[in-house]
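Peer 1: Take a look at the letters that make up each chain.
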Amino acid sequence: MLGIRVGPGLLGHIFDGLLRPLAEPTDDPAVGARFHFTPTSSVGETLAAGAIFGQVVARGARTQYALVPPDVSGRVRAIAPESDVSDEQTVLTLALADGTQTEVALSHFWPVRSPRPVQARLPSDEPLVTGQRVLDSLFPIALGGKGAIPGGFGTGKTILLESLAKGCLADVIVYLGCGERGNEMAGVLEEFPQLEDPRTGRSLMERTVIVANTSNMPVAAREASIYSAVTVAEYFRDQGLHVALMADSTSRWAEALREVSGRFGELPGEGGYPAYLSSRLADFYERAAKVRTLNGAIGSVTLLGSISPPSGDFSEPVTSHTKRYVRSFWALDSKRAHARFYPAVNPLQSYSEDALDLAVWWLKRYADVPTSRARRASGENEWLELRREFLTLLDEQARLERMARIIGKDALPARQRLTLLAAELVNEAFLRQSAFSPVDRTCSPERQARMMRLIAHFIELANDAANRGITPEQIAALDVMRPLARMSEDIGEDRLDGFATLEARMEQAFAALVPQTEESHAA
Amino acid sequence: MQPRVTVHDAAVRLEGPLLFMHRTLDVGLNEAVSVAGRDGAPRLGRVAALDEDLVTIEMLEPASGLALDGTVVRFLGEPIEFGVGPALLGRIFDGVGRVIDGGPPLPVKERLRVDGVPLNPVKRATPRSFIETGITAIDLMNSLVRGQKLPIFSGGGLPHDRIAVEIAANARLRGEEAGNFAIIFAGIGVPYTTAEYFRRSLEQSGALERSALFLNLASDSSTQRLLTPRFALTAAEYLAFECGKHVLVITTDLTNYCEALREVAGAKGEVPGRKGYPGYMYSDLATLYERAGCVHGAKGTLTQLPILTMPSDDIGHPIPDLSGYITEGQIVLSRELDRAGVYPPVNVLPSLSRLMKDGTGKGHTHPDHPALSSQLYAAYARSTQARLLASVVGEDGLAETDRRYLAFGTAFERKLVSQAQPRTLEDSMDAGWQLLRMLSTAELSRLSDAQIAEHLTHDRVAEAAP
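From first to last, the protein sequence lines stand for chains A and B. One point on numbering: in this note's numbering, the residue at position 68 of the first sequence is 68, and numbering is uninterrupted. Basically this note's numbering = 1-based index in the second sequence + 523.
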């Protein structure tokens with residue numbers, strides 16, 4: 001059975017699909033794979049499977065735990081003192097129940113196709129904060145959830161996954177480059193060490209494990225790489241960490257499955273894929289969970305897979321089967337990508353089944369944000385309300401644009417022209433988020449909440465103005481429209497009160513508007 | 524090297540370019556063979572498949588005249604190799620690396636396997652340096668970066684050959700590396716006239732001395748076609764990673780390569796995939812495209828500009844589709860623009876350069892280059908919407924803003940995309956700023972206030988003042 005060694009030497013390094021290191025080992029013994037081990041158990045103690053028996057510090061990296069393998073338990077017969085050891089050296093000897101004994105090192109072997117056991121799977125009521133507004137605020141994913149990012153080529157799957165790897169609030173990132181480009185891997189390797197982990201402020205690479213099987217590397221290892229990566233993720237989960245696995249791209253994995261299956265002479269199913277494609281996909285996505293680990297800690301594995309459907313057609317087998325298992329579906333859209341509107345998540349095709357479960361979490365975030373505006377007294381969850389308002393608006397926009405194509409924009413009633421104006425602001429100011437902007441590459445939940453409220457307030461004011469007889473064109477001509485459209489670029493995390501200033505300016509601008517007479521409008 | 528072994532009269536079947544023979548000795552996959560028929564003339568081939576009883580040999584030269592009896596197969600005991608040397612620049616080769624320019628044989632410095640070896644991602648350096656092609660739609664909107672693979676998606680009858688030749692003649696590096704540039708040109712299954720056009724144009728523009736041509740003609744065997752890009756890339760890798768040159772590999776036409784792949788896979792009796800192409804076409808194309816790159820410690824770089832014609836202009840066809848998933852972007856040519864007389868007819872909306880962000884902007888080109896490109900994209904996308912609207916309700920039915928965008932879209936195609944002469948990046952950027960003046964500054968949400976002040980309003984005031 002194909003297995004891999006998981007241990008403290010994984011963080012910060014790059015491996016191939018069978019988890020063999022791709023970087024050449026250094027000769028310098030001071031830098032080599034030495035780990036500082038501090039025992040936390042003593043002789044005579046009984047250790048259950050998956051228990052923590054020590055702390056490990058790799059040179060220049062964070063503290064990890066030494067775990068008893070999930071399939072071993074027994075009484076400690078001997079344990080190494082505090083010392084520098086390699087990750088394959090025996091540090092613990094356990095006497096098993098059957099009278100034999102077994103030796104345990106910092107790393108252990110695990111078959112990649114078997115999920116690592118846990119005490120219990122837990123329901124998830126908090127999101128994996130991704131730092132992307134369109135995802136967190138409109139289509140959130142739960143910690144321990146599963147999401148898919150389908151999109152034709154050039155729609156920004158890889159950039160989005162990389163943004164998530166950089167900005168999401170997970171403890172450990174496992175980044176799987178499966179059948180994709182070598183230059184992208186080189187880019188990640190070069191960029192990540194220079195970036196900061198948003199959680200700890202240390203180098204981003206320290207929380208990252210990269211598994212790379214680029215498109216020109218052997219196909220059979222590509223098929224295995226997805227299991228290697230998820231096993232690594234589960235290993236860190238078992239230490240009580242929240243892990244996010246980005247798999248780019250699951251289609252290449254499915255193609256490897258197809259290629260291997262074809263060579264075995266198996267009967268091809270839909271699209272040439274073997275008939276067991278959907279159960280394999282289920283096996284993979286079902287390994288996502290928030291759990292109580294064997295040693296009682298809370299950890300999670302969140303799975304995010306990109307899909308590369310041939311000619312961007314979502315009805316193909318990999319996309320349609322994946323849809324059956326994931327709870328967040330972030331459809332990328334080539335029309336948006338062509339206009340360089342990133343992330344090109346299409347709000348009408350995307351969905352999140354986790355949204356309701358996460359409403360309470362979001363309500364708390366909104367409660368922390370000061371507001372000048374009187375809250376509408378509907379008594380409902382404000383985030384859910386705003387989210388629904390935005391989604392309805394975007395849906396309405398699509399409908400009106402279809403109509404405008406037939407009768408012309410000018411022929412639409414004022415109220416509908418206003419809807420189009422508001423929807424455009426939601427798109428430009430809120431949904432668009434540049435992955436390369438130093439200000440906006442990630443967005444905290446607090447900033448998201450402020451922006452969402454500000455835009456909702458704009459819509460309210462605009463509607464009030466329309467009731468007073470103000471035309472949408474008058475509103476579009478307001479000076480404040482440009483700072484509103486650019487707020488994501490202009491107002492960064494460090495000056496959140498800028499939103500209040502902008503809101504005040506917006507209120508003044510609306511207050512100063514007077515209705516035009518019919519003649520002046522015609523002129 | 525293993526001893527060469529000669530086998531007589533072991534052939535059992537001949538099918539198109541494939542020769543099946545009894546497996547009487549231990550040979551390895553992809554080893555080179557030489558097959559002689561009764562006429563005694565040797566033909567190059569390679570071991571394509573092995574099973575318990577049979578060895579399948581792929582003939583790289585026409586198999587006509589071979590018979591089951593009297594066929595002599597010599598196993599050369601080595602993979603197919605290409606003898607390369609720095610003198611290959613300025614020379615012309617056939618599809619399998621034999622000199623065809625009538626000159627002396629190439630002085631060989633090294634023999635390299637044409638398959639290449641997959642490059643370990645750890646050894647790759649991130650591509651960061653801008654290459655100026657002289658084409659605004661590429662330089663300004665979808666910049667090419669050293670080490671990138673950026674295909675041109677074209678269609679039958681579109682001027683991709685002319686674009687390729689002009690890029691070969693005008694492409695230059697900026698800065699001190701400018702002189703250290705070489706071009707490898709691979710014609711895969713091209714008609715004789717096209718091959719001649721390439722040769723003559725390169726000679727006339729003086730680019731031939733920094734180029735090497737590999738020409739596999741449409742009349743050459745399809746098995747040979749599978750090797751042509753590999754020979755060209757082997758030469759390019761040698762020049763880039765051994766001789767320290769910045770090499771641009773232009774291959775045309777990858778569609779012919781994929782057709783040959785389908786033909787040979789069919790002859791081997793493999794299970795066909797989408798549209799009859801083999802299921803491994805993605806992996807196979809990746810072994811070509813992924814040979815582009817920069818390597819830590821090597822001075823040179825290998826950039827690829829493959830050209831492929833989309834069958835019936837369908838970007839969803841397996842050939843462009845799979846290519847797009849491997850390459851770092853694509854430049855898409857449009858028949859509509861071509862008909863409207865726009866040259867080069869680049870449709871910028873579906874075009875994309877994934878590495879542009881790494882090779883443009885501050886420290887690479889101009890600090891405002893990325894923002895300008897992004898703003899032009901947004902405005903042009905908006906103008907195509909206005910055009911759609913106008914096609915239904917007529918131009919008069921449009922709102923003022925939409926009318927402005929409509930005019931912008933036309934000007935964008937006529938003045939920015941269309942060009943008679945190569946432009947420097949600076950000229951291209953000037954043309955871009957000029958166009959944006961057609962729109963009101965309030966609309967330009969992709970530009971910062973400082974950028975608007977520096978490039979747009981400032982000059983406006985200056986122009987108005989005198």
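Each hint should be verified, as a subset may be incorrect.
[Unchecked claim] Okay, derived cross-link-like pairs now, BS3-like style, lysine-lysine, Cα gap no bigger than 27 Å in a straight line:
(1) B:Lys646 <-> B:Lys938
(2) A:Lys335 <-> B:Lys646
(3) A:Lys323 <-> B:Lys798
(4) A:Lys364 <-> B:Lys646
[Said to hold, decoys possible] Label pairs and their calculated CB-CB ranges:
(5) B:Arg910 <-> A:Glu270: 36 to 46 Å
(6) A:Arg405 <-> B:Gly729: 23 to 33 Å
(7) A:Gln89 <-> B:Glu575: 12 to 22 Å
(8) B:Glu633 <-> A:Pro81: 46 to 56 Å
To be clear, the hints were calculated from the coordinates, so they are not data collected in a lab. In this text, a Cβ means the ideal position worked out from N, Cα and C, and glycines have one as well.
Peer 1: Take the hints in turn and mark each one as holding or not.
Peer 2: Cross-check of the supplied hints:
1. B:Lys646 <-> B:Lys938: Violated, at about 42 Å.
2. A:Lys335 <-> B:Lys646: violated (36 Å)
3. A:Lys323 <-> B:Lys798: holds (26 Å)
4. A:Lys364 <-> B:Lys646: Between Lys364 of chain A and Lys646 of chain B the Cα gap is close to 47 Å, so the pair fails against 27 Å, i.e. violated.
5. B:Arg910 <-> A:Glu270: 36 to 46 Å: Since the Cβ atoms of Arg910 of chain B and Glu270 of chain A sit about 39 Å apart, the hinted range of 36 to 46 Å holds.
6. A:Arg405 <-> B:Gly729: 23 to 33 Å: Because 52 Å falls outside the window, the suggested range is violated.
7. A:Gln89 <-> B:Glu575: 12 to 22 Å: violated (46 Å)
8. B:Glu633 <-> A:Pro81: 46 to 56 Å: holds (55 Å)
In terms of the numbered hints stated before, the structure departs from hints 1, 2, 4, 6, 7, listed from lowest to highest.
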